[in-house]
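A.B. asks: Modelling step: build the complete structure from the supplied sequences, incorporating the hints.
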Amino acid sequence: MRDADFFRHWMAAVAASVEREADRLTELDSPIGDADHGSNLLRGFTAVVAALGAQPPTAAPGEVLQLAGRTLISTVGGASGPLYGTLLRRTGKALGESDEVSDAELRAALAAGVDAVAQLGGAAPGDKTMLDALEPGVAALGTSYRAARVAAENGALATVPMRARKGRASYLGERSIGHQDPGATSSALLLGALADVAEPEGAR
Amino acid sequence: MLINSAQSVVADALRGMAAAHPDLDVDVERRVVVRRDARDGGRVGVVSGGGSGHEPLHAGFVGYGMLSAACPGEVFTSPVPDQMVRAAGAVDAGQGVLFVVKNYTGDVLNFEMAAELAEEDGLRIECVLVDDDVAVTDSLYTAGRRGTGATLFVEKIAGAAAEEGAPLDRVASLARQVNESSRSFGVALSACTTPAKGSPTFDLPDGELELGIGIHGEPGRERRPMMSAREIAEVAVGAVLEELAQIGPADGPVLALVNGMGATPLLELYGFHAEVARILAERGVPVARTLVGNYVTSLDMAGCSVTLCRADEELLRLWDAPVQTAALRWGR
Chain D
1 MRDADFFRHW MAAVAASVER EADRLTELDS PIGDADHGSN LLRGFTAVVA
51 ALGAQPPTAA PGEVLQLAGR TLISTVGGAS GPLYGTLLRR TGKALGESDE
101 VSDAELRAAL AAGVDAVAQL GGAAPGDKTM LDALEPGVAA LGTSYRAARV
151 AAENGALATV PMRARKGRAS YLGERSIGHQ DPGATSSALL LGALADVAEP
201 EGAR
Chain R
1 MLINSAQSVV ADALRGMAAA HPDLDVDVER RVVVRRDARD GGRVGVVSGG
51 GSGHEPLHAG FVGYGMLSAA CPGEVFTSPV PDQMVRAAGA VDAGQGVLFV
101 VKNYTGDVLN FEMAAELAEE DGLRIECVLV DDDVAVTDSL YTAGRRGTGA
151 TLFVEKIAGA AAEEGAPLDR VASLARQVNE SSRSFGVALS ACTTPAKGSP
201 TFDLPDGELE LGIGIHGEPG RERRPMMSAR EIAEVAVGAV LEELAQIGPA
251 DGPVLALVNG MGATPLLELY GFHAEVARIL AERGVPVART LVGNYVTSLD
301 MAGCSVTLCR ADEELLRLWD APVQTAALRW GR
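Top to bottom, those sequences are chains D and R.
In this text, residue positions in the first sequence follow UniProt numbering: the first is 1, and each later residue adds one.
In this text, residue positions in the second sequence follow UniProt numbering: the first is 1, and each later residue adds one.
One thing to keep in mind: the hints can contain errors.
[To be verified] One-sided and incomplete, this derived list gives chain D residues near chain R with beta-carbon spacing under 10 Å:
#, residue
1, R24
2, E27
3, P56
4, I73
5, T75
6, G77
7, S98
8, S102
9, A147
10, V150
11, R165
12, K166
13, G167
14, Y171
15, P200
[Claimed, not checked] Partner residues aside, some chain R positions facing chain D, computed with beta carbon under 8 Å:
#, residue
16, L109
17, N110
18, V136
19, G217
Just so you know, the hints here were simulated from the structure itself, not pulled from any lab data.
For every residue, glycine included, the Cβ atom is placed at its ideal position computed from N, Cα and C.
C.D. replies: In structure tokens:
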């Protein structure tokens, strides 16, 4: 079972990997976006860690993720603020109020979160967006957390030959082909951090 | 760059606006710029916002006869819903608030969330999307036409109607009419440099230009060897007129905005406008009013855009109505 601390650790791990990868995310965002994905997410997840630190320690797992989502919406801006914020809020809502959740419940909740992202952004897999990492990643959670990380990373890599149909990269048309999508890349970081926290190196 | 640090550019600029324009209430912390007398007179509020880097859009248009408030985001990043909720609350005089939103995924999502929250607070909110950029032709496979130069026309005319005391539904329908009657096309002669990245957002060699750009330093649809002002005007005006013709047959004059992207001198911009005016005259398009200058910019990008709006007598009257803002002022 996973308690609230597990989710706090997950968010802290996302903040750490976003900090590590911020320059790369911004670099990926330059040819097909506007060169700010890394700095925007860094601002957001730094605020998430601060907000969770101020949250009562009795908060349930679902409340942890809902606060994280609200904080992203209030601090990130752009499309990624509402999209990542909705992902975590909806996942948190789906977790309900229990103090501990099973891996199966987390899997189902994340699937609901990903559906909400698809609905809000109007995107489908293949559009060269976050969903191209989130969908295969969350689907592979049925196998293991590590499988989810690999599937999400492969999903992000698979955006390279895609033509963007949503977001700012879509204005480039054919010229968006040949670049890895920054949103799919950061989505893979999110699931990678989940795998790190759920199955720490050497634990199995 | 003339900055203290990349992290503080937006806050620093807001502190400067506050110092220069005492008739604006500038909340540097929460990033909301409000006209001090926004609530006097029981008018409809007109609120816009968007990423920073397009100055004077939007905060430069806050004041008498135009915007009630503006919400600047990070550079090229839409503001967050909290800003628009705060702005709406600060300007609402019981007559409702119009949100003017440029059509970019981030802006649309954040303004939609803000509208929901403000409505939960009991405010009446209408949203108008601005999507005038004809360079985005393939709207089925993109996020749709971008909002660019027409934003100025929408904000001026909606603001004038609100100033006169028009009700919310009328202000919103005028704003939509302006957007539907406007088309734009932009050209970049150089890329721009965001403070966060510190180097050009895309690689555009000397001797080449980029056709069909937006206003966020993103590359356009097509790259070509450098052209003369005359040739660029032919492409830009041609593209705009072609799309305007699809709205319906011409039935009157146009408002013309010849807009600089930030780093093109007015000397060049007026020379470019001479070509625009000549082409419009040759094509038999009467121009009722013209604005030449840097209004909807993209940081330090060199280049220009052309926006034409088909204007009936009512739109012309509202365009001519007095306005007093940091960047646009006449008639008062």
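A.B. asks: All hints are to be evaluated individually against the structure, with a verdict given for each.
C.D. replies: For each hint, the structure was consulted:
Contact between R24 of chain D and chain R, as hinted, is not supported at the beta carbon level, the nearest pair being about 13 Å apart and thus beyond 10 Å. Interface hint at E27 of chain D: satisfied, since its Cβ lies 9 Å from the closest Cβ of chain R, which is below the 10 Å cut-off. Because the closest C-beta pair between P56 of chain D and chain R is about 22 Å apart, greater than 10 Å, the hint is violated. A least Cβ separation of about 6 Å between I73 of chain D and chain R falls short of the 10 Å threshold, and the interface hint therefore holds.
Interface restraint check: T75 of chain D against chain R, minimum CB-CB distance 6 Å, threshold 10 Å, status holds. A least Cβ separation of about 4 Å between G77 of chain D and chain R falls short of the 10 Å threshold, and the interface hint therefore holds. At about 28 Å, the closest approach between the beta carbon of S98 of chain D and any beta carbon in chain R exceeds 10 Å, and the interface hint on this residue is violated. The beta carbon of S102 of chain D comes no nearer than 31 Å to any beta carbon in chain R, farther than 10 Å, and the hint placing it at the interface is violated.
Here the hint on A147 of chain D is broken, as its CB sits about 31 Å from the closest CB of chain R, past 10 Å. The closest approach between the C-beta of V150 of chain D and any C-beta of chain R is roughly 29 Å, which is over the 10 Å cut-off, so the hint fails. At its closest, the beta carbon of R165 of chain D sits 5 Å from a beta carbon of chain R; the interface hint therefore holds under the 10 Å criterion. Interface restraint check: K166 of chain D against chain R, minimum CB-CB distance 6 Å, threshold 10 Å, status holds.
The criterion of a C-beta within 10 Å of any C-beta in chain R is met by G167 of chain D, whose closest approach is roughly 5 Å, and the hint holds. For the restraint placing Y171 of chain D at the interface with chain R, the shortest Cβ-Cβ distance is roughly 6 Å, inside the 10 Å limit, so the hint holds. Given hint, P200 of chain D at the interface with chain R, is violated; its Cβ is 33 Å from that chain's nearest Cβ, farther than 10 Å. Checking L109 of chain R against chain D by beta carbon gives a least distance of about 4 Å; that is within 8 Å, so the hint holds.
Checking N110 of chain R against chain D: minimum C-beta separation of about 6 Å stays under 8 Å; hint holds. At about 6 Å, the closest approach between the beta carbon of V136 of chain R and any beta carbon in chain D falls short of 8 Å, and the interface hint on this residue holds. A cut of 8 Å between beta carbons decides the hint on G217 of chain R: the least distance to chain D is about 6 Å, and the hint holds.
In summary, the numbered hints that this structure violates are 1, 3, 7, 8, 9, 10 and 15.
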